[in-house]
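Colleague: Letter by letter, the chains look like this.
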Amino acid sequence: MLHTINKSPFETSTFASCLGHAAAGDAVLLIEDGVYAAIADTEPGKQIKAKNGTVSFYVLGPDVAARGLTNGSLAEGIQVVDYAGFVDLVAEHEVAQAWL
Amino acid sequence: MEQLVKFSVVVNEGPYTHQASDSAYQFTKAALEKGHEIYRVFFYHDGVNNGTRLTVPPQDERNIQVNWTELAEQHELDLVVCVAAAQRRGVLDKSEADRLGKDADNIAPGFRISGLGQLIDAGIASDRLVTFGD
Chain S
1 MLHTINKSPF ETSTFASCLG HAAAGDAVLL IEDGVYAAIA DTEPGKQIKA
51 KNGTVSFYVL GPDVAARGLT NGSLAEGIQV VDYAGFVDLV AEHEVAQAWL
Chain Z
1 MEQLVKFSVV VNEGPYTHQA SDSAYQFTKA ALEKGHEIYR VFFYHDGVNN
51 GTRLTVPPQD ERNIQVNWTE LAEQHELDLV VCVAAAQRRG VLDKSEADRL
101 GKDADNIAPG FRISGLGQLI DAGIASDRLV TFGD
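Protein chains in written order, with this note's numbering: chain S, 1 to 100; chain Z, 1 to 134.
None of these hints come from the bench; they were simulated from the model. Check before you lean on any hint, since a few could be wrong.
[Unchecked claim] In silico DSS-like pairs for lysine-lysine, Cα to Cα no more than 30 Å straight-line:
| hint | chain 1 | residue 1 | chain 2 | residue 2 |
| --- | --- | --- | --- | --- |
| 1 | Z | Lys34 | Z | Lys6 |
| 2 | S | Lys7 | Z | Lys6 |
| 3 | Z | Lys34 | S | Lys7 |
| 4 | S | Lys7 | Z | Lys94 |
| 5 | Z | Lys29 | Z | Lys6 |
| 6 | Z | Lys29 | Z | Lys102 |
| 7 | S | Lys49 | S | Lys7 |
| 8 | S | Lys46 | S | Lys7 |
[As the list claims (entries may be wrong)] Output of the computed footprint for chain S on chain Z, the stretches with three or more beta carbons under 8 Å from beta carbons of chain S:
| hint | stretch |
| --- | --- |
| 9 | 32 to 39 |
| 10 | 70 to 76 |
| 11 | 93 to 107 |
Even glycine gets a Cβ: it sits at the ideal position worked out from N, Cα and C.
Can you build the whole structure from these sequences, using the hints too?
Modeller: See below:
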């Protein structure tokens, strides 16, 4: 399953809820304000680093750039994709669950 | 050769307040560029506000409604606005305006008004359903 998160983990609990539900082999894609979860050395960033491998983590590059963040500031192991990569992720997983 | 997929997209938020419609548009565009099929885009809740042709954003700003309309024209997309959500928010086509005794309609080119059954149908007929909201 692909999970998409579009809210900052410092604003809502969707990131935490998602990580609680994500099963081994699932993918998590951070979009819109959800990209803030990907910043290295923050609590969510550490969780991404710890859980990476069991769950695959992706972040939408244009939304990272739109918020003045650089790819170098992101948690280790997270993969940056563009919208075409977003489309690929949805195609590759049987279900796409938006955590709104 | 990667497998082609039939997508449907749900947009639950209006333009300019949330990023949902922009994200959905970029996703839809990218999927079409990769050769995938977009079976339907369903505008629900405040998402119906994407379908009024009377919005006039500043000229140097993106026009979200026009973006959708042009994409629909290029790719013969089925852009469906939920009728109950649309009536609450004043999004009407000619026949709805006539039926409800209103003096004008505002549905944008490329959009059509229909029922929630169209979302159920999209869920059944598509390989993937992708939701954008707040």
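Colleague: If a hint holds in the structure, say so; if it does not, say that too.
Modeller: For each hint, the structure was consulted:
no.: 1; hint: Z/Lys34 to Z/Lys6; result: 12 Å, holds
no.: 2; hint: S/Lys7 to Z/Lys6; result: 27 Å, holds
no.: 3; hint: Z/Lys34 to S/Lys7; result: 27 Å, holds
no.: 4; hint: S/Lys7 to Z/Lys94; result: 38 Å, violated
no.: 5; hint: Z/Lys29 to Z/Lys6; result: 14 Å, holds
no.: 6; hint: Z/Lys29 to Z/Lys102; result: 35 Å, violated
no.: 7; hint: S/Lys49 to S/Lys7; result: 19 Å, holds
no.: 8; hint: S/Lys46 to S/Lys7; result: 17 Å, holds
no.: 9; hint: 32 to 39; result: holds (count 3)
no.: 10; hint: 70 to 76; result: violated (count 0)
no.: 11; hint: 93 to 107; result: violated (count 0)
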